[in-house]
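Using the sequences plus the hints, can you model the full thing?
In the order they appear, the protein sequences are chains W and D. If you're matching positions, the first sequence starts at 1 in our numbering and goes up one per residue. If you're matching positions, the second sequence starts at 1 in our numbering and goes up one per residue.
No lab work stands behind these hints, which were simulated from the structure alone. Given the structure is predicted, the values throughout are model-derived calculations rather than measurements. Positions of the beta carbon are idealized from the N, C-alpha and C atoms, including for glycine. There's no promise every hint is true.
Only pairs whose alpha carbons sit at most 27 Å apart, straight line, appear in this in silico DSS-like list of lysine-lysine [stated by the list, open to error]:
| # | chain 1 | residue 1 | chain 2 | residue 2 |
| --- | --- | --- | --- | --- |
| 1 | W | Lys9 | W | Lys57 |
| 2 | W | Lys9 | D | Lys42 |
| 3 | D | Lys42 | W | Lys95 |
A short list of chain D residues far from chain W (calculated; beta carbon distances all over 12 Å) [as the list claims (entries may be wrong)]:
| # | residue |
| --- | --- |
| 4 | Pro14 |
| 5 | Asp27 |
| 6 | Ser28 |
| 7 | Leu44 |
| 8 | Pro82 |
| 9 | Ser102 |
| 10 | Gly105 |
| 11 | Gly107 |
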Amino acid sequence: NAGVTQTPKFQVLKTGQSMTLQCAQDMNHNSMYWYRQDPGMGLRLIYYSASEGTTDKGEVPNGYNVSRLNKREFSLRLESAAPSQTSVYFCAIPKGQFGWELFFGEGSRLTVL
Amino acid sequence: KQEVTQIPAALSVPEGENLVLNCSFTDSAIYNLQWFRQDPGKGLTSLLLIQSSQREQTSGRLNASLDKSSGRSTLYIAASQPGDSATYLCAVGGVNTNAGKSTFGDGTTLTVKP
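This is the structure in structure tokens:
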């Protein structure tokens, strides 16, 4: 999935620990998104950023913070991880002729014990 | 609030069959609809994108249709192959908003048996 790079790919945390998931894009798009996918379910939007320096809440923002320091990078932070945040996290950007075909990174698999 | 439903949750067919996957949505005011494929433990691969003004899109053995008035989209797979086995997700992009804020269905897991 060249164009969107997520780090780390795997992480195990203990309840209460903090961590930051990183997403970087090289496709020069204004918008970036963070989704989470729980087992057997579709994706739900956590936060998004329509442009550098702006962020907005999605459907499930509680327990997360985000930062869009520049056009290329959008980070997702868990301040105090909970078992309910065990999930696969995907970063996405829009691409295509009309700009809204979503293109995803490979995902970051997080387990909170 | 937009809700997206995919039925059935799982489908098993013999190789060579033509099949249809269904996606329904509650709010017809959409910007686009996108179908994805997801292999186990992997990310999402975009298959087809239909804009709200379009009725269908085709790519190889795949054909996706959109009927906004009835709140439905179908993904037709012709001459299925074992390599088509995966989970298929549909995502609906909202109108007059940042259309990347998509609402996803829970997916249909397809197994194509040799």
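**Q.** Status of the stated non-contact between Pro14/D and chain W (beta carbon gap over 12 Å)
**A.** holds, 25 Å
Q | Ser102/D and chain W, when compared Cβ to Cβ, separated by more than 12 Å | A | For Ser102/D, whose nearest Cβ neighbour in chain W is about 6 Å away, the distance does not exceed 12 Å, so it is violated.
Q. For Leu44/D, is the shortest beta carbon distance to chain W beyond 12 Å?
A. For Leu44/D, whose nearest Cβ neighbour in chain W is about 5 Å away, the distance does not exceed 12 Å, so it is violated.
(Q) Verify this label for me: Asp27/D is non-interface relative to chain W, using a Cβ-Cβ cutoff of 12 Å. (A) At about 14 Å from chain W, Asp27/D clears the 12 Å cut-off, so the statement holds.
(Q) Quick check for students: does the CB of Gly105/D sit more than 12 Å from each CB in chain W? (A) violated, 5 Å
Q | No chain W beta carbon within 12 Å of Gly107/D's | A | violated, 6 Å
(Q) Just to be careful, I want the Cα atoms of Lys9/W and Lys42/D compared with a cutoff of 27 Å; is the pair within it? (A) holds, 11 Å
Q.
At 12 Å, judged by beta carbons, does Ser28/D keep clear of chain W as stated?
A. Check passes; 18 Å lies beyond 12 Å.
Q: Below or equal to 27 Å on CA atoms is what counts here, so check Lys9/W against Lys57/W.
A: holds, 24 Å
Q. Between Lys42/D and Lys95/W, is the straight-line Cα distance small enough, at 27 Å or below?
A. Roughly 20 Å separates the two Cα atoms, so the pair holds.
Q.
Quick check for students: does the CB of Pro82/D sit more than 12 Å from each CB in chain W?
A. Non-interface label stands for Pro82/D: nearest chain W Cβ at 22 Å, farther than 12 Å.
In summary, the numbered hints that this structure violates are 7, 9, 10, 11.
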